[in-house]
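Student: Going down the list, the sequences are from chains G and H.
Per this note's numbering, the very first residue in the first sequence carries number 1; after that it's consecutive.
Per this note's numbering, the very first residue in the second sequence carries number 502; after that it's consecutive.
These are calculated hints, taken from the structure and not from any lab test.
Glycine included, each C-beta is placed from N, C-alpha and C at the ideal position.
A few chain H residues that face chain G, going by a derived Cβ cut-off under 7 Å, partial list only:
(1) Val-529
(2) Ile-544
(3) Ala-581
(4) Ile-584
(5) Val-595
(6) Ser-599
Just a few of them, taken from the derived set where beta-carbon distance is under 7 Å, the chain H residues facing chain G:
(7) Leu-533
(8) Leu-536
(9) Met-547
(10) Leu-591
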Amino acid sequence: MFDTLLLWPVILPLAGAALAAALHAFPAVQRQVALTTMVLTFGASLFLVDAVMEGAILTKAFGGWMPPFGIVFVADRFSAAMVVISSLLALCALVFAMGDLRQRQVRSGFYPLFLGLMIGVNGAFLTGDIFNLYVWFEVMLIATLGLITLDRTRAQIDGAIKYAVLNLFSTILFLMAVGLLYGATGTLNMADLAVVLPQTEPSAALTLTAMMFLLAFGIKAGFFPMFFWLPASYHTASIIVSAVFAGLLTKVGVYALFRVFTLLFEVDNGTLKPLIAVIAAGTMLFGVFGAAIQWDVRRILSFHIISQIGYIMLGLAVATPLALAGAVFYIIHHIVVKANLFFVAGAIHRATGSFDLRKSGGLMKASPLLAVLFAIPALSLAGIPPLSGFWAKFMVVDASFQGEAAWLAAVALFVGLLTIFSMSKIWIEAFWKEHPRAVRARPVPAVMLVPIAALGIITLAIGFNPEPLVAFSNLAAESMGDRTQLIGAFYGGEHTAGVTP
Amino acid sequence: MEFVIAFAIGVLGASGVWLILRPRTYQVVMGLALLSYGVNLFIFGMGRLRVNAPPVLPGEDAIDPAAFTDPLPQALVLTAIVISFATTALFLVVLIASRGLTGTDHVDGREGER
Chain G
1 MFDTLLLWPV ILPLAGAALA AALHAFPAVQ RQVALTTMVL TFGASLFLVD
51 AVMEGAILTK AFGGWMPPFG IVFVADRFSA AMVVISSLLA LCALVFAMGD
101 LRQRQVRSGF YPLFLGLMIG VNGAFLTGDI FNLYVWFEVM LIATLGLITL
151 DRTRAQIDGA IKYAVLNLFS TILFLMAVGL LYGATGTLNM ADLAVVLPQT
201 EPSAALTLTA MMFLLAFGIK AGFFPMFFWL PASYHTASII VSAVFAGLLT
251 KVGVYALFRV FTLLFEVDNG TLKPLIAVIA AGTMLFGVFG AAIQWDVRRI
301 LSFHIISQIG YIMLGLAVAT PLALAGAVFY IIHHIVVKAN LFFVAGAIHR
351 ATGSFDLRKS GGLMKASPLL AVLFAIPALS LAGIPPLSGF WAKFMVVDAS
401 FQGEAAWLAA VALFVGLLTI FSMSKIWIEA FWKEHPRAVR ARPVPAVMLV
451 PIAALGIITL AIGFNPEPLV AFSNLAAESM GDRTQLIGAF YGGEHTAGVT
501 P
Chain H
502 MEFVIAFAIG VLGASGVWLI LRPRTYQVVM GLALLSYGVN LFIFGMGRLR
552 VNAPPVLPGE DAIDPAAFTD PLPQALVLTA IVISFATTAL FLVVLIASRG
602 LTGTDHVDGR EGER
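The shape of chain H in the complex, shown without the other chains (with noise of 0.2 Å):
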């Protein structure tokens, strides 16, 4: 399972940076989104891959904490989750602006020279 999670974020990474270094500005944002997949998903394993074991512990009595997984790491993904949908929302209206003001998707608003 660990390779199969490094692997991912492996592949999420790579293709993130290979995106974010294209001069389309869809294709930027597509790569700036699978960065934050990447880290999400970083993040997550950070509290190490757990198979059956809940993060949420129930109520007053002594619990042993080797039967649960670490809720704290699922509580940072969340959070990173909600931002970062919310600044690449913002992001999109940028660039949709960018497209309408000089009919271009290019990242520098004119053609490079071919």
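The shape of chain G in the complex, shown without the other chains (with noise of 0.2 Å):
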């Protein structure tokens, strides 16, 4: 049990899309089928992460071969929480699915795909290989192709031409990278490249390496200047496919950059601080200034996923432990509450019938629960304390503070400005003012709330009580960034005694 542990994120929802695509003729049966299989894997992940808790690190080598031979997945305290809070979201999806799905989406595969997606993201997350990583990258890239044009509509079909096109050129470049690796060093174990990595000369190719993973990572990650793919498509796709995209996709890009750029190549060395530090500045900026001239709620989301990577980019770019800390925090944080804006996004077309804000008004009074949920998650997002979003902000912007990147702190704090003004603008068009045509608002079913305020809760409760995140996220980055830690559970210590930290 304990020694496949590790597994269990994996297996559970490839059996459950399995069974679901088998069962493709029962709507019904699929819909228990995709909670059933969502509530063990979430029970499986707090399995995982009870386990790395005290900060061992779970390793599990496939079929025998020992690292560096055989794929291999790890767990530590980062990526076990990373599925945790995936696994977490995916079930708040099915929930809110249960009230938003039309039965023409069911048809089109909608839960053996949702299935396949929590396949490759939780795959990505705990895989110890980096080719094993991009094989996880196509299963994700296959499954969203797939969600985005659940309706086959002409805006989803134009949306997914354009996610295809950059994502695809994007692993194709990471798997050029990852060619470029092992011809340099003769492993893609990420352990093994951890040890072999410092005792390899530097050399063109090497640079080259890095500056590949930055550019194809950063593509899916949405960095500026490779983010036009995603305002392009998220908002096509229906909203719990939008959610889920905006919660998860773009993490698992940074989750991968996190990973190399800490156990792989040093971000502190040579020219990839100053790259680093203007590609998250730019970042922030132009997500929340696209942001402001958007009037459809998905699109004005859809940039704030692009200026919030910026925040969690400046983590790396500053690189000390509390940084590395705060972007963390900043990750889970963030993957909350934007998936939950979207689940609110969802609510105010399903009352008002729009997802453009000129067209929509009058929820205030029409339902002003839904008005405190959106304000939950809105305020969180713009970084008002007490929520959670206040101390995440709070920990990057403090740590570029220290980190000798004021002008980045200074950033940060201007985009936070912009984001308020944006929540502010969807916050007066959808819920203050008059609906423009006296139309009454729908009501919004309670399984479209339940999840709503599931998150909301959850941002509340990191938001008064942050200490017990602010430490994981401690510790956490300590074992991210301490790479004899990821080698030792390997080599059993032998191996690390050349290494430095």
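Join the two chains, each given in its own frame, into one complex according to the hints.
Tutor: Below, the structure is given as structure tokens:
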């Protein structure tokens, strides 16, 4: 049981996806299968996080081939936390889907594709082999392509083409970087790479590899200046799909980037640090400026994903343990809050019949509960104390002041102001203003409000009691930044002597 | 031999990038395919090019590694070929759906101004 703990977050969605695909003719059964699968996956991920909480790093080598020869799965605190939060989000999305999903979308294969996405996401978080990471990225790509085009409308196909071209291009880059890395070091196991790379002579091939990883994961994560596919495609998908994409997909890219640039390459030396700093600042600024001129709730929120990715990158740009801890905290906070905002957008659509803010309104009187539920994630995203976003922003901004990157902190605070502007725009237009056509708002079903409320409560809980998560983020950042721990998990200490953390 | 392989990768990469930047969906999908062929060759080359050296190690006896070529890049390329075949097929389905819905094979779903 303990030995296979790592595998369940991947095996369960895999079995669920197969079962749901086999039961294609029975939508109600598919829904039960999907819900059961995600409850079990969430449970398994809780066991996983419990097992790594004390600082142990779990490893599992497939087929008995010991690293560096076999494919391995690894879980430390950071990856376990990512698995927990993404499983939780997927569970919320499925509950939300009970109220929002149409028959036609179920027949298009929503449940198998959704579970397929979770296979890819959890696999990418848990793998300890860089080529295996490429495989999980492709699993995700295939599932997401199906999910974006769920309704088969013109807009969705258009979004899917842009999404697919840029993401296929980024995986090709990623693959090329993997090939180059293998040529330079002769290994693809991440722990083994962490042993070999510090002893390898710096060469043009390695610099090129680092740049290609940055570019490939940057496209996935939605950095400035490669983010254009994101606002072009996310808003076309149905709202459950958008919410899960917003919460998870870019974060997988960010996660991969954090792994590669803490374990394999150092941000600290050379030209990488100012480059990542400029990317982070550009991502924050352009994301929030893009959001300012939009009127579609989903487009505003899509641009805000980009701007928030900039904050997370700020953690990597400063690269002190404190900054990495801030970034871990920020990722967890952002997954919860951003997906929740998309859920609220779905509820606004259900109540007013439109995603366009100019055509909606009057929700304050019609649905005060929804107004409160919107206010929590919106204020949290903008970083108003005492919500979770405040602590997340406080940690990264504090780290950038201490890390002698005060200009980054200034950009972050300025972008925070503009975030409030965007959020108050949604608030004023959808909630305060009278509805332009004096239509009565339709009621929002309870199954849609439950996940919004659940995620809102998590936001509040983190906000009022941030200490456990801050402590956890610090520990996660510590084990992420210290490569000897991961190497020690594989080689039992004897290889760690020559490696400086 | 190195030069021929390097040249082939260069040509595949350059034509792939050029095709991706074209406005027709068919050109884009061909561009992606060429790029992934280029990368496959590249990974293959990263295992160092050897002539007359098998990648499969025979059974139980102790062997001389110098007589064999690195089998791992070949396994990687095989995986990459299968995956890129699947994604290309899937992408083609999306493109055909786009052609059916919009009536044009322009990547934006409508003809640009001329």
